[in-house]
Amino acid sequence: SQWGEENLQALSIQEGEDVTMNCSYKTYTTVVQWYRQKSGKGPALIILIRSNEREKRSGRLRATLDTSSQSSSLSITGTLATDTAVYFCATNTGNYKYVFGAGTRLKVIA
Amino acid sequence: AQTIHQWPVAEIKAVGSPLSLGCTIKGKSSPNLYWYWQATGGTLQQLFYSITVGQVESVVQLNLSASRPKDDQFILSTEKLLLSHSGFYLCAWSSGTGGYEQYFGPGTRLTVL
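Heads up: the sequence lines are chains A and B, in that order. Quick note: the first sequence uses the numbering used here, first residue 98, plus one each step. Quick note: the second sequence uses the numbering used here, first residue -3, plus one each step.
Careful: at least some of the hints might be erroneous.
Below, in silico cross-link-like pairs of lysine-lysine (DSSO-like), each with a Cα-Cα straight-line distance of 27 Å or less [claimed, not checked]:
1) Lys66/B with Lys138/A
2) Lys24/B with Lys194/A
3) Lys24/B with Lys135/A
4) Lys66/B with Lys194/A
5) Lys24/B with Lys138/A
What the hints contain is simulated information worked out from the structure, not anything from laboratory work. Note that this is a predicted model, so its numbers are computed, not measured.
Take these sequences, add in the hints, and give me the full structure.
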């Protein structure tokens, strides 16, 4: 993608481990959204971080945003097998336009 | 609570045939609506958005068109399918009163042969 890009990764970890995924983007964005997509389903928004926030937490999820380096990260602590999914970051490029990153495929082994 | 429904669940179509996919949002007045396409194993590519009935903006040209005939309905169509149209089509909505959160439907799987 020209805009939101993630380090394309496929991760396989054991249940209980922590994991961090990264996302970099090439244009100014008001927000960075992180979505989780399970196989055959539509994506679900799991956390949104605004440009004036450096960190956002929601349960076992933690998102960070560094606007100077135009990068964001998503961390999951104490992973569960049910966290197995593809995770996308998405940026808002203005005027109702969104760009999704390449995605990180996470497999959590029970 | 808002619900989003897409139809059909899956389609198998021939190259050159027409296509119409639909999306309905219930429980939300005047939502912003979006169409996305996702290749198998790929990321989401935004195709269209609409912020009001009768007005649709194209984000990328893929020989597809979209219409919003009602406040709660969004239609994606083409007169002639290409092999490259195969994939997963997702409809999403966001609040028309602000907010960037998008809520996706279950998607339609399209196979073009």
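Task: 27 Å limit on alpha-carbon distance, applied to hinted pair Lys24/B and Lys135/A - done: Holds, because 25 Å separates the two Cα atoms, which is no more than 27 Å.
Task: Restraint check for Lys66/B with Lys194/A, where alpha carbons must lie at most 27 Å apart - done: 21 Å, holds
- [ ] Below or equal to 27 Å on CA atoms is what counts here, so check Lys66/B against Lys138/A.
- [x] Holds, at roughly 25 Å.
TODO: Please work out if Lys24/B and Lys194/A have their alpha carbons no farther apart than 27 Å.
DONE: Holds. Lys24/B to Lys194/A sits at ~20 Å (cutoff 27 Å).
TODO: Quickly compare the C-alpha distance for Lys24/B and Lys138/A to 27 Å and report which way the hint goes.
DONE: Answer holds: Lys24/B to Lys138/A is near 22 Å, not above 27 Å.
Every hint from the earlier list agrees with this structure, and none is contradicted.
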